[in-house]
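Chemist: Those sequence lines, one after another, are chains A and B.
As numbered in this note's numbering, residues 1 to 114 make up the first sequence, in order.
As numbered in this note's numbering, residues 115 to 226 make up the second sequence, in order.
Just so you know, the hints here were simulated from the structure itself, not pulled from any lab data.
Just so you know, not all the hints are guaranteed correct.
From the derived model, a few chain A residues whose C-beta atoms are all more than 10 Å from chain B [unchecked claim]:
id : residue
1  : Asp8
2  : Gly16
3  : Tyr25
4  : Ser73
5  : Thr103
6  : Glu113
Simulated pairs of lysine to aspartate or glutamate, EDC-like, Cα-Cα distance not exceeding 16 Å [claimed, not checked]:
id : chain 1 : residue 1 : chain 2 : residue 2
7  : A       : Lys101    : B       : Asp170
8  : B       : Lys192    : B       : Asp132
9  : A       : Lys101    : B       : Glu158
10 : B       : Lys192    : B       : Glu182
Ranges of calculated distance between the beta carbons of each label pair, as one might list FRET restraints [to be verified]:
id : chain 1 : residue 1 : chain 2 : residue 2 : range
11 : A       : Asn100    : B       : Phe180    : 45 to 55 Å
12 : A       : Arg77     : B       : Ala134    : 12 to 22 Å
13 : B       : Glu185    : A       : Gln42     : 23 to 33 Å
In this text, a Cβ means the ideal position worked out from N, Cα and C, and glycines have one as well.
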Amino acid sequence: AQSVTQPDIHITVSEGASLELRCNYSYGATPYLFWYVQSPGQGLQLLLKYFSGDTLVQGIKGFEAEFKRSQSSFNLRKPSVHWSDAAEYFCAVVLTGGGNKLTFGTGTQLKVEL
Amino acid sequence: GAGVSQSPRYKVAKRGQDVALRCDPISGHVSLFWYQQALGQGPEFLTYFQNEAQLDKSGLPSDRFFAERPEGSVSTLKIQRTQQEDSAVYLCASSASSGDRDFGPGTRLTVL
Chain A
1 AQSVTQPDIH
11 ITVSEGASLE
21 LRCNYSYGAT
31 PYLFWYVQSP
41 GQGLQLLLKY
51 FSGDTLVQGI
61 KGFEAEFKRS
71 QSSFNLRKPS
81 VHWSDAAEYF
91 CAVVLTGGGN
101 KLTFGTGTQL
111 KVEL
Chain B
115 GAGVSQSPRY
125 KVAKRGQDVA
135 LRCDPISGHV
145 SLFWYQQALG
155 QGPEFLTYFQ
165 NEAQLDKSGL
175 PSDRFFAERP
185 EGSVSTLKIQ
195 RTQQEDSAVY
205 LCASSASSGD
215 RDFGPGTRLT
225 VL
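All chains should be modelled from the sequences, with the hints used to inform the complete structure.
Modeler: Next comes the structure, spelled out in structure tokens:
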């Protein structure tokens, strides 16, 4: 079945430590790939996206993600986490040629310890 | 500029009541989307409008759910005869023709 998987429900990191949030997809063709962040009471904010080209994508707030076709993955990374990064992170896909339906993973809740 | 706004932000309904949730998209955005986000889950697609045309309603969970966008701007999501399983945050997003989606803050619906 076609799906977007975020294997980690919760992750806790210390402030200043590096971060990697995992995302895997299961589709026949490479979809368009996105990472969103959702803070309590806030709308979803787009961090970055991948359509084609360079597989390392830079986003806002110091985040980056790397598309790996061989692993069907699009993991989100940040070299040094700030306390304000505590939030829920969602990986999402749009199927190429599949209209406008944005399909989300179940999310990873990030906690930052001071 | 103003982002996507939704009202009300919180709604409590008794089981069986009808509710209407409003979305004001960013001015000029032709595309509008509704999502349902249950507690602890990612948002799930409900329906999509391009201007006033509802092009995809495949995610609406039952015929109790109805969405409209009669003039191609403001949209209303209506849920008839609410059930407890309808309790969720309902998110609205809008986008320009080929742009990124801007999400509203959501309406949290609690059905008692």
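Chemist: A separate judgement is required for each hint: does it hold in the structure or not?
Modeler: Verification of the supplied hints:
The non-interface label for aspartate 8 (chain A) is consistent with chain B: the shortest C-beta to C-beta separation is roughly 13 Å, beyond 10 Å. At the 10 Å boundary, the C-beta of glycine 16 (chain A) stays outside the reach of chain B, the nearest C-beta of that chain being 28 Å off. The Cβ of tyrosine 25 (chain A) lies farther than 10 Å from every Cβ of chain B, with a closest approach of about 13 Å, so its non-interface assignment holds. The beta carbon of serine 73 (chain A) is kept farther than 10 Å from every beta carbon of chain B, the shortest such distance being approximately 17 Å.
In this structure threonine 103 (chain A) is not separated from chain B by more than 10 Å, as the shortest Cβ-Cβ distance comes to only about 7 Å. No beta-carbon of chain B is positioned within 10 Å of the beta-carbon of glutamate 113 (chain A); the least distance is around 22 Å. Distance restraint check for lysine 101 (chain A) and aspartate 170 (chain B): the Cα-Cα separation of roughly 9 Å lies within the 16 Å cut-off, and the hinted pair is therefore satisfied. Of the pairs offered as hints, the one joining lysine 192 (chain B) and aspartate 132 (chain B) holds, with about 7 Å between alpha carbons and a cut-off of 16 Å not exceeded.
A threshold of 16 Å between alpha carbons decides the hint, and for lysine 101 (chain A) with glutamate 158 (chain B) the separation of about 9 Å falls inside it, so the pair holds. Between lysine 192 (chain B) and glutamate 182 (chain B) the alpha-carbon distance is near 8 Å, which keeps this suggested pair within the 16 Å criterion. Remark: the range hint 45 to 55 Å for asparagine 100 (chain A) to phenylalanine 180 (chain B) is contradicted by a beta-carbon distance near 20 Å. Between arginine 77 (chain A) and alanine 134 (chain B) the beta carbon distance is about 42 Å. The supplied range of 12 to 22 Å is therefore violated.
At roughly 28 Å, the beta-carbon separation of glutamate 185 (chain B) and glutamine 42 (chain A) lies within the given 23 to 33 Å, and the hint holds.
The structure fails to meet hints 5, 11 and 12 from the earlier list, while all remaining hints are met.
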